[in-house]
Amino acid sequence: MTEQELREIICNRFLQGDLQFPIDLDTHLLDEGICDSLGLVQIVAEIEKRYPGITIDDQEITRDNFGSMAAIIRLVKKKQAA
Amino acid sequence: MKPQMTQDNKTLGTILLDRLAAEPEAEACRLVSEDGSFESVSVGRLMRKAMAYAEHFGVASERRKIIGVSLYHGLDLHAAFIGGLLSGHIPTMLAPPSPRMEPGKYTDSLVQMLGHIRPDHLVLDAGVFGKLDKLALHSVSGSDIVDSTTIPESGNIAHFATDPDAVALIQHSSGTTGLQKGISLSHRAVLDHNSIYSKRLSIQRKDIIVSWLPLYHDMGFIACFLLPLLEGVLFVEISPFDWVRKPVLLLEQIHKHKGTLCWLPNFAYAFLAESVRPRQIPEGLDLSGIRAWINCSEPVYHSSHVAFLERFGRYGVNQPQFTASYAMAENVFAVTQSLPGEYRTLSVNRETFTDTHRAEPDDSPSSFTFVSNGPPLEHTELTVADEAGRFLRNGRVGELLVRGAHRFAEYFGRDDLTRAALDGNGWYHTGDLGFLFDGELFVTGRKKDLIIIQGRNFYPADIEEVVGRIDGIAAGRVVAFGLADEASGTERLIILAEPENDAVAEERRLALKVRNHVAQELDCTPSDVRIVPCRWLIKSTSGKLARTDNRRKYVEHFASSKQ
Numbered sequence: 000m001t002e003q004e005l006r007e008i009i010c011n012r013f014l015q016g017d018l019q020f021p022i023d024l025d026t027h028l029l030d031e032g033i034c035d036s037l038g039l040v041q042i043v044a045e046i047e048k049r050y051p052g053i054t055i056d057d058q059e060i061t062r063d064n065f066g067s068m069a070a071i072i073r074l075v076k077k078k079q080a081a
Numbered sequence: 000m001k002p003q004m005t006q007d008n009k010t011l012g013t014i015l016l017d018r019l020a021a022e023p024e025a026e027a028c029r030l031v032s033e034d035g036s037f038e039s040v041s042v043g044r045l046m047r048k049a050m051a052y053a054e055h056f057g058v059a060s061e062r063r064k065i066i067g068v069s070l071y072h073g074l075d076l077h078a079a080f081i082g083g084l085l086s087g088h089i090p091t092m093l094a095p096p097s098p099r100m101e102p103g104k105y106t107d108s109l110v111q112m113l114g115h116i117r118p119d120h121l122v123l124d125a126g127v128f129g130k131l132d133k134l135a136l137h138s139v140s141g142s143d144i145v146d147s148t149t150i151p152e153s154g155n156i157a158h159f160a161t162d163p164d165a166v167a168l169i170q171h172s173s174g175t176t177g178l179q180k181g182i183s184l185s186h187r188a189v190l191d192h193n194s195i196y197s198k199r200l201s202i203q204r205k206d207i208i209v210s211w212l213p214l215y216h217d218m219g220f221i222a223c224f225l226l227p228l229l230e231g232v233l234f235v236e237i238s239p240f241d242w243v244r245k246p247v248l249l250l251e252q253i254h255k256h257k258g259t260l261c262w263l264p265n266f267a268y269a270f271l272a273e274s275v276r277p278r279q280i281p282e283g284l285d286l287s288g289i290r291a292w293i294n295c296s297e298p299v300y301h302s303s304h305v306a307f308l309e310r311f312g313r314y315g316v317n318q319p320q321f322t323a324s325y326a327m328a329e330n331v332f333a334v335t336q337s338l339p340g341e342y343r344t345l346s347v348n349r350e351t352f353t354d355t356h357r358a359e360p361d362d363s364p365s366s367f368t369f370v371s372n373g374p375p376l377e378h379t380e381l382t383v384a385d386e387a388g389r390f391l392r393n394g395r396v397g398e399l400l401v402r403g404a405h406r407f408a409e410y411f412g413r414d415d416l417t418r419a420a421l422d423g424n425g426w427y428h429t430g431d432l433g434f435l436f437d438g439e440l441f442v443t444g445r446k447k448d449l450i451i452i453q454g455r456n457f458y459p460a461d462i463e464e465v466v467g468r469i470d471g472i473a474a475g476r477v478v479a480f481g482l483a484d485e486a487s488g489t490e491r492l493i494i495l496a497e498p499e500n501d502a503v504a505e506e507r508r509l510a511l512k513v514r515n516h517v518a519q520e521l522d523c524t525p526s527d528v529r530i531v532p533c534r535w536l537i538k539s540t541s542g543k544l545a546r547t548d549n550r551r552k553y554v555e556h557f558a559s560s561k562q
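Read top to bottom, the protein sequences are chains B and W.
The first sequence begins at 0 in numbering that gives the first Met the number 0 and counts up one residue at a time.
The second sequence begins at 0 in numbering that gives the first Met the number 0 and counts up one residue at a time.
Hints are not guaranteed to be accurate.
Claimed, not checked - A few chain B residues facing chain W, derived, Cβ under 8 Å:
#: 1; residue: Glu31
#: 2; residue: Gln41
#: 3; residue: Asp57
#: 4; residue: Asn64
To be verified - In silico DMTMM-like links for lysine to aspartate or glutamate, alpha-carbon gap of 25 Å or less:
#: 5; chain 1: W; residue 1: Lys130; chain 2: B; residue 2: Glu31
#: 6; chain 1: W; residue 1: Lys447; chain 2: W; residue 2: Glu505
#: 7; chain 1: W; residue 1: Lys552; chain 2: B; residue 2: Asp25
#: 8; chain 1: B; residue 1: Lys78; chain 2: W; residue 2: Glu61
#: 9; chain 1: B; residue 1: Lys48; chain 2: W; residue 2: Glu309
#: 10; chain 1: B; residue 1: Lys48; chain 2: W; residue 2: Glu230
#: 11; chain 1: W; residue 1: Lys9; chain 2: W; residue 2: Glu230
#: 12; chain 1: W; residue 1: Lys104; chain 2: B; residue 2: Asp25
#: 13; chain 1: B; residue 1: Lys77; chain 2: W; residue 2: Glu309
These are computed hints drawn from the structure, not numbers from a lab.
Model, not experiment: these values are computed from the prediction.
Where a beta carbon is used, it is the ideal one built from N, C-alpha and C, also for glycine.
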């Protein structure tokens, strides 16, 4: 999954589609008020829909794994490689 | 006509001590962990721990102390509160710091809280306690800040005189503004409410309540903690933080523990329907044991129930299980409650409703649909009044007024706020709007300035104050309001703010700052933040910013073009 793809998911769902919104790879999505914990669950659902081979368990939705775009991309890449 | 209430001398503490004497080995509750395993807590163990807290607080004498309990879910959360009751003091549940708050901010956040409430004791988890600047806290309030891990497993308490008409506890709603309004409830009011509410829902000792609700909010506190504990009903408690990350945990636990009753804010029905993935559903999931899902704490959308039923109908969810309640801490909890099998919606003509504030039944596609919150409980009076305070007939929309045996006594220590909320005839002016029809309540809106997101109360003034303090934002030029969002089954928070200076404003960077501050200080996520040009916001004739007018302007400018 690319950064652009994830950025689109997040901006479309939580930032009124504003792709220019200044979130970078390390912006903490919860702490910076981009989305709440329910929002993270919704991101997971969206990822699983786009990549049917990947499953992300709720226990994996932690601040480390899912805190930022970089963390999410790392997790998805790890699952794609597995 | 005054209702016939229990006239005996029971208080919350004496009932719990009676329960301890009668059935110390009985299971009081089950505390569920993140992985779905649970710890069973007996009445005896809970009460012994509570007595240890009571011993620490010291038995009440002339002056009754305020006991602030600000803990995450666990045995101590229950025990500290009960300990406050057993020692004859006045306990109150307070929201612990949100997980997304930077630990460096805990002290500031607590200083704010202590400034309003001034508890004599404040009980905190070790993790929070360890990150505090205790000198700073002590200088604000003189409170005894208690690390919950320092309280032993049992203690001794002395007997003390009880007065059922005295204040038993205080309930707060959230935000700085909410912390100023501590709702004082007497033992008699709480006990009568529990008795009447149990009777309405036919709650029996064999019922099992399963919940993820926080205890610093009336629904979780009364329906899913105090009522079952006092009535001898088993309750299964999931932490709200575990639930938001794993929503299916609620359904798993209902199945596992054979839950019969579950209270949820409206958004949870829509959220569960949308977010639980098929592979997460446990083998053989069976929710048919639920007697009632009680939808409460925010406006009820029929579509949220429909989505929930469509998604989980094959696992035993059925229409007769759906009920709704209109409730508030100012009435202990429930004002109305519909019954299983009596779920009702009413469609009304759109024009008649909008133009004349009357509910005229109409099944055409353009009509508004409301869900019934059921009839009022016994010992509670509910009426609808117009702007001038005249009572309105059925079918007419007005402000909901509440009175009766469960109504709060006062806002603790705030005669001014109490006088403003209660009229000369004892009616509490709720600030909510609705109509009565066939004896049932239909809530249609709210005139008070309150935003309810996922069942949590937010005061626009609190949000505006936080945002107004941000560097680059023009103080006093901020408006916060909610927009009803049927898809998510709740409201979305919209914040509009003007920059100090149009020329150098980087709107997006400022918007990000706004999101950060609101998330950190209020544990709230805005749905949309717009930095609008200077003087864009509309002021009312009084010179203050008009939330309604600005909401309308926002919808005209921004909402029609996006999603």
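Going down the list of hints, with the structure as the test:
Satisfaction of the interface hint for B:Glu31 is found here, the shortest Cβ-Cβ separation to chain W being roughly 5 Å, below the 8 Å cut-off. At its closest, the beta carbon of B:Gln41 sits 6 Å from a beta carbon of chain W; the interface hint therefore holds under the 8 Å criterion. Evaluation of the B:Asp57 hint against chain W yields a held restraint, the C-beta minimum of about 4 Å falling below 8 Å. Nearest Cβ of chain W to the Cβ of B:Asn64: about 11 Å, over the 8 Å cut. The hint is violated.
Taking the CA atoms of W:Lys130 and B:Glu31, the gap is about 21 Å. The hint holds against a cut of 25 Å. Annotation: proposed proximity of W:Lys447 to W:Glu505 is violated, straight-line Cα distance about 34 Å (limit 25 Å). Of the pairs offered as hints, the one joining W:Lys552 and B:Asp25 is violated, with about 35 Å between alpha carbons and a cut-off of 25 Å exceeded. Using a Cα cut-off of 25 Å, the hinted pair B:Lys78 and W:Glu61 is violated, with the two alpha carbons roughly 64 Å apart.
Between B:Lys48 and W:Glu309, the direct Cα distance comes to roughly 20 Å. Compliance with the 25 Å bound is thereby established for this hinted pair. For the suggested pair B:Lys48 and W:Glu230, the alpha carbons sit about 46 Å apart, so the restraint of at most 25 Å is broken. This hinted pair checks out: W:Lys9 and W:Glu230 have alpha carbons roughly 13 Å apart, not beyond 25 Å. At most 25 Å may separate the alpha-carbon atoms for a hinted pair to count; W:Lys104 and B:Asp25 meet this at roughly 21 Å.
The hinted pair formed by B:Lys77 and W:Glu309 fails the criterion: a straight-line CA distance of about 34 Å is larger than 25 Å.
The structure does not agree with the numbered hints 4, 6, 7, 8, 10, 13 stated previously, though it agrees with the rest.
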